[in-house]
Amino acid sequence: MVIKHDVIIVGAGLAGLRAALEASRYYDVAVLSKLFPTRSHSGAAQGGIAASIGNVEEDHIDWHFFDTVKGSDYLGDQDAIEYLVTDAHPAIYELEHLGVPFSRTADGKINQRMFGGHTKNYGEGPVLRACFAADRTGHMILHTLYEQCVKNNVRFYSEFFVTDLMVKDNIVRGLVAYNMINGQMVTMQSKVVMFGTGGYGRAFKITSNAHANTGDGLGIVLRAGLALEDLEFVQFHPTGVYRYGILVSEGARGEGAYLLNNTGERFMKNYAPKLMELAPRDMTSRSIQTEIDEGRGINGESYVHLDLRHLGEEKIAERLPEIRSFCQKIVGIDVVKEPIPIQPTAHYSMGGIPVTVDGEVLADGKSQKVEGFYAAGECSCVSVHGANRLGTNSLLEAVVFGRRAGKSLTKYLSTAGTELPDLPTEMVEPALQRVEKFMTKTGKEKTGILRKELQEIMMSKVGVFRDEKGLKEALEKVKELEKRFEDVQIDDKSWKFNTDLTEAMELDNLLHLAEIIVSGALNRQESRGAQSRKDFPKRDDENWLKHTIAFKKDGKVLFDYKPVVITKFQPKERKY
Amino acid sequence: MIQVKVKVFRSNPEQPQNKPHFDEFMVEADPKDKVLDLLHRIKWEKDGTLAFRRSCAHGICGSCAMKINGANMLACEANLKNFKDPTRITIEPLQSLPIIKDLVVDQTDFFKKYDIVKPYLINRTPPPTRERLQSPQQRQVIDEATWCILCASCTTSCPSNWKNPNFLGPAALLKSYRYNFDSRDEGIAERINVLDTNNGVWRCHTIFNCVEACPKDINITWHISQLKKKLVSREY
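Going down the list, the protein sequences come from chains A and B. Sequence positions in the first sequence follow the numbering used here and run 49 to 624. Sequence positions in the second sequence follow the numbering used here and run 8 to 243.
Take these hints with a grain of salt, some might be off.
Cβ pair distances, simulated, as ranges [stated by the list, open to error]:
id, chain 1, residue 1, chain 2, residue 2, range
1, B, P135, A, K527, 30 to 38 Å
2, B, P105, A, H108, 24 to 32 Å
3, B, Y243, A, K616, 34 to 42 Å
4, A, V613, B, P135, 42 to 50 Å
5, A, M487, B, H28, 37 to 45 Å
6, B, E242, A, H108, 49 to 57 Å
List of simulated lysine-lysine pairs, DSS-like, C-alpha gap at most 30 Å [to be verified]:
id, chain 1, residue 1, chain 2, residue 2
7, A, K492, B, K12
8, B, K12, A, K253
9, A, K455, A, K494
10, A, K485, B, K26
11, A, K52, B, K235
12, A, K541, B, K53
Hints in this document: simulated from the structure, not taken from any laboratory. Note that the coordinates shown come from a computational prediction; the quantities given were computed from them, not determined experimentally. The beta-carbon is built from N, C-alpha and C at its ideal position, and this holds for glycine as well.
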């Protein structure tokens, strides 16, 4: 049986749901998720969503524009960034109109807080720009969008694990998915497919990401022979709970929390004297890692302290209740009384599927569109974050570009019609066989062990600081793991809810992505944003002010490049 | 490190010869570990066939609600050292929902009830160009109700729901509160008919199991009582 819809959206986070909401006003929309929609990782976002609506103090679209460009270490495409910061205003008000329960100012407006790298008057000092709902901003927006999709009769296919996308003659045809609930493989056909499949933090040992964040969409795109952009830029969030990696929102520092080393010094004054703890994430993570590497971690260990104590119980209860709750329940500390041990944690993928500002996927990463194929959110690279994303710009990107993609795919359907393109059976068969092979093959390798080895090497050699020797070692290891993966065996031979099978397919995606990440990091001989090469410590605009485009062909990684779009702000030295 | 004897409920309706039963595993653990860590160790090192849901691992996605030593909770938050005897852990699926496999239950009915209460903002007045205003006090009225992560711990722990599966249950009623008490909402007239029935708010007999089960510490019974009050006093 073939399931047919006008639009199929894969991924039920903020980008996917926002697009679904837009398109469901006119067309028959289905959303597939390997989880139940409200389990998507957008819901874990805590601190806020940026918009220069100036509810609490003066702010301007142009200031937000500048901060995002500077934060991106000048690798962000300025045409896309201009859309991000301009569309932010209607996008936020629409969220409010849809019912998002934002925290409020005394006069009833959406409240705003400070966040790293967001400044007034082009870098003068922190500005109140992040719209928030306590420290549950992602949760509130995710649930509200899901609810509105229910209202609009969006058809949800929960716990459907997409295995392959079908693109032929540069036209999207549909996809193949594994229905985890009844254990059947299904073929789905549509005029439009959109990906909002999120990131791949689970390639790293210490990560803020959910177990589900395994870059499936990117893996599928790579297997379909399409390009990926700028994958070497992986954001390490400065404040992950030590050993756990769980995110403690930058909102904590936005409310005034300190970073302290083993002598109790607010060490950020040595790295970013103007913005201190509210420096951008790449810089703050490097500062923390340097403190640790130079022996100034707490008790000589690999962590420093994030101290909220001086904020007082009342402010913590009002503004940061969720952080307090999980620190108590999971880590076993009361943030009112004790500082939190933290270390940088793999958090966000700046790179992804190359798209236009309207979410249209580019097959070659440059100009060749894949008809009917769209992407938005973390899985895409538009690129508004360039080499380093500012906090609260990710929820904004998901909403703004999910909205734009929803509008543009609606427009496409209104001109191209909804008649479905042919389903190439010669593409369906191999996709089904690939899954069948996972189920039946025998071998001596286990998914869990290979994944652990991958996560360890990625963390130790492809982390906050990188160099040629470590990256080469990592690349060799990833290739070895890819080889060993061919020998992986699945214990579970039943078809229903087979997470042994899905975990193996997830690892397959992670391994191929890891190869692109490491190869890209090795290839880019400069330090820019989140890519910090000890052997090439300077930014090199002459040779590297360009995006990396990567493909995988016949088992080899191939690179191409495209220029950065610069419209208003010329690259300058980046100081905070 | 401690040795934990983990008893896990197993069921695979796809293999009828394989009757529902408990499997026992000895797992080495740190007393600071969570029950989710135990489940992962079993799945990744001992028995890959074990099925359970999980995702975020820090209490916000709501995937890993299950019954642990007799009480509903999130496996990712269930700290071994908080159990009376951390060396003996029994894990079962959420009660009263059909089992798909092992600890994975079919939540179709749970979400059907959620859909019935019209769990979304209804406001037909054209919005202003900027945000609708809402005072911090008005926002506070719905605050606790917005913490819900739809994990189903409450509804599957509710005796009224066990006895009468047509009862909407605490999660759906809490969501109904969340919108009926939102100062921006105008939809109560559309929601009232499913609330003011034997299987709506009146089936709640204030047993408080839901409050005990809620991993987000929401006083669900109190919220349901506010709905009852609204209906009785016809404040709509």
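How the hints compare with the structure:
| no. | hint | in the structure |
| --- | --- | --- |
| 1 | B:P135 to A:K527: 30 to 38 Å | violated (58 Å) |
| 2 | B:P105 to A:H108: 24 to 32 Å | violated (56 Å) |
| 3 | B:Y243 to A:K616: 34 to 42 Å | violated (52 Å) |
| 4 | A:V613 to B:P135: 42 to 50 Å | violated (35 Å) |
| 5 | A:M487 to B:H28: 37 to 45 Å | violated (24 Å) |
| 6 | B:E242 to A:H108: 49 to 57 Å | violated (44 Å) |
| 7 | A:K492 to B:K12 | holds (28 Å) |
| 8 | B:K12 to A:K253 | holds (27 Å) |
| 9 | A:K455 to A:K494 | violated (44 Å) |
| 10 | A:K485 to B:K26 | holds (28 Å) |
| 11 | A:K52 to B:K235 | violated (44 Å) |
| 12 | A:K541 to B:K53 | holds (15 Å) |
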